[in-house]
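S.K.: Could you build the full structure based on these sequences and the hints that come with them?
If you read the sequences in order, they're chains A and B. In this text, residue positions in the first sequence follow this note's numbering: the first is 1, and each later residue adds one. In this text, residue positions in the second sequence follow this note's numbering: the first is 1, and each later residue adds one.
Hints in this document: simulated from the structure, not taken from any laboratory. Treat the hints with caution; some may be incorrect.
When chains are identical, the list treats them as one kind, so a pair holds in a single copy or across two.
What the hints assert, rightly or not - Okay, derived cross-link-like pairs now, BS3-like style, lysine-lysine, Cα gap no bigger than 30 Å in a straight line:
1) Lys-55 to Lys-194
2) Lys-30 to Lys-467
3) Lys-284 to Lys-327
4) Lys-159 to Lys-55
5) Lys-347 to Lys-30
6) Lys-21 to Lys-501
7) Lys-35 to Lys-159
8) Lys-501 to Lys-35
9) Lys-347 to Lys-136
10) Lys-55 to Lys-467
11) Lys-501 to Lys-55
Here the structure is a predicted model, which is why all the values come from computation and not from measurement.
There are 2 protein chains.
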Amino acid sequence: MRIALAQMNPTVGDIAGNCAKVLDFLARAKAAGAKLVVFPELSLVGYPAKDLLLKPQFINDNLAALGRIAAQVHGIDAVVGYVDRNAQPVGRPLHNAVALLRDGGIVGRHFKTLLPTYDVFDESRYFEPGPAQAHKNLVRIGDVTCGLSICEDLWNDEKMIPRRLYHQNPIADLHHAGAQLMINASASPFVVGKHEFRLELFSSQARQFGQPLVYVNQVGGNDELVFDGNSVVIDGAGNVMAQGRDFEEDLLVADVPIGRGGAAGGTPAGPMHAPSRGIASIYKALVLGLRDYVRKCGFFSVVVGLSGGIDSALTAALAAAALGCGKVTGVAMPGRFSSEHSVADAKKLAQNLGIAFCLLPINAVHEAYERTLAELFAGRQPDITEENLQARVRGALLMALSNKFGHLLLSTGNKSELAVGYCTLYGDMCGGLAVISDVPKTTVWELARWINQNAGRELIPQSSIDKVPSAELRPNQTDQDTLPPYEILDAILQRYVEEEKGPGEIVAEGYDQQTVSSVIRMIDRSEYKRRQAAPGLKVTSRAFGFGRRMPIAQNYQQSLQDG
Amino acid sequence: MRIALAQMNPTVGDIAGNCAKVLDFLARAKAAGAKLVVFPELSLVGYPAKDLLLKPQFINDNLAALGRIAAQVHGIDAVVGYVDRNAQPVGRPLHNAVALLRDGGIVGRHFKTLLPTYDVFDESRYFEPGPAQAHKNLVRIGDVTCGLSICEDLWNDEKMIPRRLYHQNPIADLHHAGAQLMINASASPFVVGKHEFRLELFSSQARQFGQPLVYVNQVGGNDELVFDGNSVVIDGAGNVMAQGRDFEEDLLVADVPIGRGGAAGGTPAGPMHAPSRGIASIYKALVLGLRDYVRKCGFFSVVVGLSGGIDSALTAALAAAALGCGKVTGVAMPGRFSSEHSVADAKKLAQNLGIAFCLLPINAVHEAYERTLAELFAGRQPDITEENLQARVRGALLMALSNKFGHLLLSTGNKSELAVGYCTLYGDMCGGLAVISDVPKTTVWELARWINQNAGRELIPQSSIDKVPSAELRPNQTDQDTLPPYEILDAILQRYVEEEKGPGEIVAEGYDQQTVSSVIRMIDRSEYKRRQAAPGLKVTSRAFGFGRRMPIAQNYQQSLQDG
Numbered sequence: 001m002r003i004a005l006a007q008m009n010p011t012v013g014d015i016a017g018n019c020a021k022v023l024d025f026l027a028r029a030k031a032a033g034a035k036l037v038v039f040p041e042l043s044l045v046g047y048p049a050k051d052l053l054l055k056p057q058f059i060n061d062n063l064a065a066l067g068r069i070a071a072q073v074h075g076i077d078a079v080v081g082y083v084d085r086n087a088q089p090v091g092r093p094l095h096n097a098v099a100l101l102r103d104g105g106i107v108g109r110h111f112k113t114l115l116p117t118y119d120v121f122d123e124s125r126y127f128e129p130g131p132a133q134a135h136k137n138l139v140r141i142g143d144v145t146c147g148l149s150i151c152e153d154l155w156n157d158e159k160m161i162p163r164r165l166y167h168q169n170p171i172a173d174l175h176h177a178g179a180q181l182m183i184n185a186s187a188s189p190f191v192v193g194k195h196e197f198r199l200e201l202f203s204s205q206a207r208q209f210g211q212p213l214v215y216v217n218q219v220g221g222n223d224e225l226v227f228d229g230n231s232v233v234i235d236g237a238g239n240v241m242a243q244g245r246d247f248e249e250d251l252l253v254a255d256v257p258i259g260r261g262g263a264a265g266g267t268p269a270g271p272m273h274a275p276s277r278g279i280a281s282i283y284k285a286l287v288l289g290l291r292d293y294v295r296k297c298g299f300f301s302v303v304v305g306l307s308g309g310i311d312s313a314l315t316a317a318l319a320a321a322a323l324g325c326g327k328v329t330g331v332a333m334p335g336r337f338s339s340e341h342s343v344a345d346a347k348k349l350a351q352n353l354g355i356a357f358c359l360l361p362i363n364a365v366h367e368a369y370e371r372t373l374a375e376l377f378a379g380r381q382p383d384i385t386e387e388n389l390q391a392r393v394r395g396a397l398l399m400a401l402s403n404k405f406g407h408l409l410l411s412t413g414n415k416s417e418l419a420v421g422y423c424t425l426y427g428d429m430c431g432g433l434a435v436i437s438d439v440p441k442t443t444v445w446e447l448a449r450w451i452n453q454n455a456g457r458e459l460i461p462q463s464s465i466d467k468v469p470s471a472e473l474r475p476n477q478t479d480q481d482t483l484p485p486y487e488i489l490d491a492i493l494q495r496y497v498e499e500e501k502g503p504g505e506i507v508a509e510g511y512d513q514q515t516v517s518s519v520i521r522m523i524d525r526s527e528y529k530r531r532q533a534a535p536g537l538k539v540t541s542r543a544f545g546f547g548r549r550m551p552i553a554q555n556y557q558q559s560l561q562d563g
Numbered sequence: 001m002r003i004a005l006a007q008m009n010p011t012v013g014d015i016a017g018n019c020a021k022v023l024d025f026l027a028r029a030k031a032a033g034a035k036l037v038v039f040p041e042l043s044l045v046g047y048p049a050k051d052l053l054l055k056p057q058f059i060n061d062n063l064a065a066l067g068r069i070a071a072q073v074h075g076i077d078a079v080v081g082y083v084d085r086n087a088q089p090v091g092r093p094l095h096n097a098v099a100l101l102r103d104g105g106i107v108g109r110h111f112k113t114l115l116p117t118y119d120v121f122d123e124s125r126y127f128e129p130g131p132a133q134a135h136k137n138l139v140r141i142g143d144v145t146c147g148l149s150i151c152e153d154l155w156n157d158e159k160m161i162p163r164r165l166y167h168q169n170p171i172a173d174l175h176h177a178g179a180q181l182m183i184n185a186s187a188s189p190f191v192v193g194k195h196e197f198r199l200e201l202f203s204s205q206a207r208q209f210g211q212p213l214v215y216v217n218q219v220g221g222n223d224e225l226v227f228d229g230n231s232v233v234i235d236g237a238g239n240v241m242a243q244g245r246d247f248e249e250d251l252l253v254a255d256v257p258i259g260r261g262g263a264a265g266g267t268p269a270g271p272m273h274a275p276s277r278g279i280a281s282i283y284k285a286l287v288l289g290l291r292d293y294v295r296k297c298g299f300f301s302v303v304v305g306l307s308g309g310i311d312s313a314l315t316a317a318l319a320a321a322a323l324g325c326g327k328v329t330g331v332a333m334p335g336r337f338s339s340e341h342s343v344a345d346a347k348k349l350a351q352n353l354g355i356a357f358c359l360l361p362i363n364a365v366h367e368a369y370e371r372t373l374a375e376l377f378a379g380r381q382p383d384i385t386e387e388n389l390q391a392r393v394r395g396a397l398l399m400a401l402s403n404k405f406g407h408l409l410l411s412t413g414n415k416s417e418l419a420v421g422y423c424t425l426y427g428d429m430c431g432g433l434a435v436i437s438d439v440p441k442t443t444v445w446e447l448a449r450w451i452n453q454n455a456g457r458e459l460i461p462q463s464s465i466d467k468v469p470s471a472e473l474r475p476n477q478t479d480q481d482t483l484p485p486y487e488i489l490d491a492i493l494q495r496y497v498e499e500e501k502g503p504g505e506i507v508a509e510g511y512d513q514q515t516v517s518s519v520i521r522m523i524d525r526s527e528y529k530r531r532q533a534a535p536g537l538k539v540t541s542r543a544f545g546f547g548r549r550m551p552i553a554q555n556y557q558q559s560l561q562d563g
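M.R.: So this is what it looks like as structure tokens:
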């Protein structure tokens with residue numbers, strides 16, 4: 001059966017725009033001879049629409065749009081994601097739904113059964129799970145009995161999921177009810193390594209049930225989340241038969257083989273794009289996330305403070321890749337502790353990238369602050385106050401450029417800094433998007449090297465990559481005056497933040513006890529800064545922000561011994 | 001039966017400290033001759049512990065604490081809130097639990113059945129609901145069969161809840177299984193008017209089932225949430241027989257009448273404190289929330305920018321009430337557009353409150369910024385950029401004081417401003433706590449008048465209450481140059497934000513179409529500012545912050561016609 005996988009990039013809340021996109025994909029799928037076109041989860045409203053879902057009018061608007069689309073479906077079937085109302089008088093008022101559209105009307109519906117509530121997901125906030133009556137989610141398309149499912153419905157496989165969160169397995173139920181083909185509409189955000197896991201999971205289930213799978217994922221950036229696309233067709237033997245593009249819209253048309261055995265001779269059923277992996281996938285995710293955040297927020301250009309260091313260089317390089325060099329302005333703001341090379345490296349970066357560059361020394365403002373505060377601070381030693389002040393002058397200058405010229409300000413802090421609070425609130429943390437705030441420092445270096453290698457020339461100055469990291473806020477300062485080496489810091493971070501290991505466990509892995517305690521203390525105490533941080537693009541399994549919800553006023557004392 | 005209601009103020013995550021508090025209340029309850037002492041929901045870890053719950057060691061620590069407490073329970077029964085592990089291999093890994101402790105051990109457990117996932121609640125993120133087997137949640141205490149329940153378990157009453165979110169009603173189930181007395185351990189945050197609703201709800205259920213209720217609520221501020229306490233005993237006829245203090249710790253000891261009929265002659269079973277209502281309750285909530293945030297974050301003093309206006313005056317007055325006037329520093333920061341009365345009113349406020357005062361004119365820094373930016377901005381008209389710059393100079397000066405002297409900076413914006421974005425990110429939005437960011441401007445005035453009336457003297461200068469609101473960031477500016485009158489703005493806000501009404505519905509109520517559209521547009525477009533705002537104390541049914549989760553990069557176009 002020829003199926004089109006409409007891997008679209010919706011804008012959250014833009015029902016009219018998403019509707020137009022659906023109709024465009026529909027026409028192209030029909031032109032390609034597809035019998036069925038499948039759209040991602042909640043394609044009409046975009047994922048995640050969050051508390052827009054609490055507006056009754058928003059739900060009405062989305063239902064009206066579904067009706068308008070249905071009226072235009074002829075000569076092809078379409079599976080479209082939308083929000084339905086729960087017709088029952090008790091229970092949460094909405095369903096996360098897909099409709100099967102045919103001959104100008106709605107001929108079938110499926111309500112998502114498994115609702116994720118971990119990490120960045122909040123689906124129980126809005127949705128009532130669909131009833132676990134698998135036969136109701138079977139639809140006949142041509143000669144084939146298809147099982148409809150939505151994203152998480154696929155993610156409760158006994159063989160692949162170490163701790164299953166749900167008591168049902170809708171995929172097994174659909175199989176037992178007679179499904180010959182599994183259709184899954186998804187909005188599964190990017191995390192490095194996740195698509196590899198998806199392929200294993202999907203293959204496992206396809207093999208287990210002898211049931212091919214059509215998996216259609218959303219693509220595009222929505223606030224913190226970047227959806228990688230990577231839609232696939234898996235045959236009944238667990239082989240990948242078609243693989244969509246990653247990190248861009250795609251209409252993947254495939255002749256899906258039905259039946260347990262898989263396709264004869266493993267002939268691809270459609271295009272087979274190689275999915276990006278590792279550093280390349282992080283790069284693509286950041287570029288797409290940045291581009292879409294700027295675009296979907298209604299901006300056209302960005303401004304970045306350039307310190308001559310690696311973080312701001314990487315951020316500027318990503319911005320130039322995402323928006324084009326003509327849309328990026330870099331600003332060097334040397335202060336009294338700035339090194340000679342800071343402005344030179346910033347200038348060189350701007351030249352390499354071809355972005356606009358300007359120079360705004362902070363000394364005059366810095367001194368004016370000092371004079372204003374001199375009387376009040378008389379007799380007190382310089383401390384973090386004076387360091388923060390310089391960062392805040394820079395933040396205010398960048399915001400002035402943002403306000404005056406309409407550029408979105410990008411902040412440039414990495415995950416390691418944000419974790420331990422090695423950053424200044426209302427200073428270098430200023431900005432509308434924290435592009436690399438989920439990228440650990442060691443990965444920042446990897447990305448920078450990868451970018452130069454990939455470009456075949458020095459985009460990010462080698463000196464920015466090689467120099468000893470410093471905030472340059474006091475004489476001869478380096479990051480390692482305050483922090484352990486980044487290799488150590490990032491390893492502890494990974495274990496504490498991503499893996500939820502306690503200090504005892506981390507020390508047992510061979511890390512120095514005092515270092516572990518001090519890093520954990522810094523992380524815990526910096527929660528108040530992160531609460532006021534700009535949204536950052538999620539690329540790891542646990543990013544700061546929406547998927548990590550920590551109290552600020554708390555006093556958990558973690559001992560090295562387990563309780 | 002004599003029961004002690006241990007209305008305690010835990011610190012989130014501070015298991016050792018909370019444990020010590022439990023033991024202290026336990027001893028006092030025993031000394032008062034109570035047969036049973038009941039603690040609030042999750043009393044060992046504090047509510048809400050949020051993602052601390054994802055740390056396996058945190059769960060272990062809390063279980064160990066429960067064991068230590070159990071070992072010390074003799075001669076009295078105790079119901080204590082804690083986190084249990086889900087012993088089943090499938091399902092979310094934790095339970096929101098209470099244990100019945102007796103004779104040095106754990107003799108009963110109840111797992112919360114109804115898990116709220118709306119507004120500020122995220123319980124499905126962590127917990128598996130308890131099984132709906134009511135008889136398992138019955139415990140025998142003395143001669144009485146008691147039903148154990150936790151907070152939301154009470155909140156699914158058919159008569160009182162317009163749209164029931166859950167299919168079960170654990171309270172009815174417990175009644176049918178033979179409960180003679182309902183015990184409810186709660187952590188129910190303050191919202192103005194909520195305790196009045198609680199009393200109606202509790203009475204309704206007690207009457208319906210002829211079953212008295214012992215309701216023990218947490219008290220204290222935890223980040224955005226303020227728990228009001230207000231623990232009560234309701235008899236089987238629905239009468240309030242004892243009422244604990246509001247907004248402070250309390251051990252409420254009551255001789256609870258068992259049986260359908262209610263207490264003979266309505267004799268109170270214990271103390272009957274009158275719960276605060278309306279403005280008085282908002283005042284108490286803000287004072288407690290502010291005090292606890294400062295204290296639980298490890299600060300001892302605060303700094304507030306004083307503009308001479310009503311918002312900063314109210315914030316300073318609340319701070320003085322919460323912490324004592326010796327712990328508050330007010331800073332006037334006049335600029336070139338500041339009125340004569342701004343400094344005079346700020347000074348007068350400081351005198352009235354007895355707080356420290358200092359003066360830091362912003363002109364020198366402001367001019368230094370202008371010189372620094374002059375070349376870049378040449379030929380461009382002054383706009384919002386120049387206004388924001390002044391606010392940012394003030395923000396940086398206040399942060400310098402915070403850094404240098406260890407004061408927590410309080411921000412002073414109200415809900416109306418934050419709603420429409422009439423505030424400067426990294427300027428007046430700087431601060432660790434936004435004390436009145438859930439208080440609409442019209443309520444700000446009410447609170448200010450109430451404070452003066454309650455004090456019997458002018459604490460907040462009458463001129464600050466009476467003056468025309470202005471940000472004083474350009475010549476002769478007033479808030480109403482940009483915004484509709486606050487009475488109108490707040491009415492629209494209430495409907496749009498708290499009641500989720502669409503523009504069509506609001507216009508249908510008689511509000512001007514253009515005003516409604518423009519206010520809604522301002523609200524929607526300011527999401528990016530609120531994302532970076534300091535936590536604010538929730539007092540309304542829908543506060544910005546954790547309980548309102550809006551996408552930033554979105555494009556929902558709301559028409560006046562319903563879809």
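S.K.: Each of the hints needs a verdict: does it hold here or not?
M.R.: Here's how the hints hold up against the structure:
1. For the identical chains of this complex, Lys-55 and Lys-194 are inter-copy neighbours only, at 23 Å across copies versus 33 Å inside a copy, given an alpha-carbon limit of 30 Å.
2. Proximity of Lys-30 and Lys-467 under a CA criterion of 30 Å is satisfied in neither setting, with 56 Å inside one chain copy and 66 Å between copies.
3. Taking the shortest Cα distances, Lys-284 and Lys-327 sit within 30 Å of each other inside one copy (19 Å), while across copies they are farther apart (51 Å).
4. In this assembly of identical chains, Lys-159 and Lys-55 lie within 30 Å of each other by CA distance solely across copies; the values are 25 Å between and 39 Å within a copy.
5. Taking identical chains as interchangeable, the C-alpha atoms of Lys-347 and Lys-30 are never at most 30 Å apart, the minima being 51 Å within one chain and 74 Å between chains.
6. For the identical chains of this complex, Lys-21 and Lys-501 are inter-copy neighbours only, at 28 Å across copies versus 44 Å inside a copy, given an alpha-carbon limit of 30 Å.
7. Neither within a single protomer nor between protomers do Lys-35 and Lys-159 lie at most 30 Å apart by alpha-carbon distance, with minima of 33 Å and 50 Å respectively.
8. In the homo-oligomer, the alpha carbons of Lys-501 and Lys-35 never lie at most 30 Å apart, since the shortest distance is 49 Å inside one protomer and 41 Å across protomers.
9. In the homo-oligomer, the alpha carbons of Lys-347 and Lys-136 never lie at most 30 Å apart, since the shortest distance is 63 Å inside one protomer and 71 Å across protomers.
10. For the homomeric pair Lys-55 and Lys-467, neither the shortest alpha-carbon distance inside one copy (51 Å) nor that between copies (37 Å) is at most 30 Å.
11. Proximity of Lys-501 and Lys-55 under a CA criterion of 30 Å is satisfied inter-copy only: 7 Å between copies versus 39 Å inside one chain copy.
The structure does not agree with the numbered hints 2, 5, 7, 8, 9, 10 stated previously, though it agrees with the rest.
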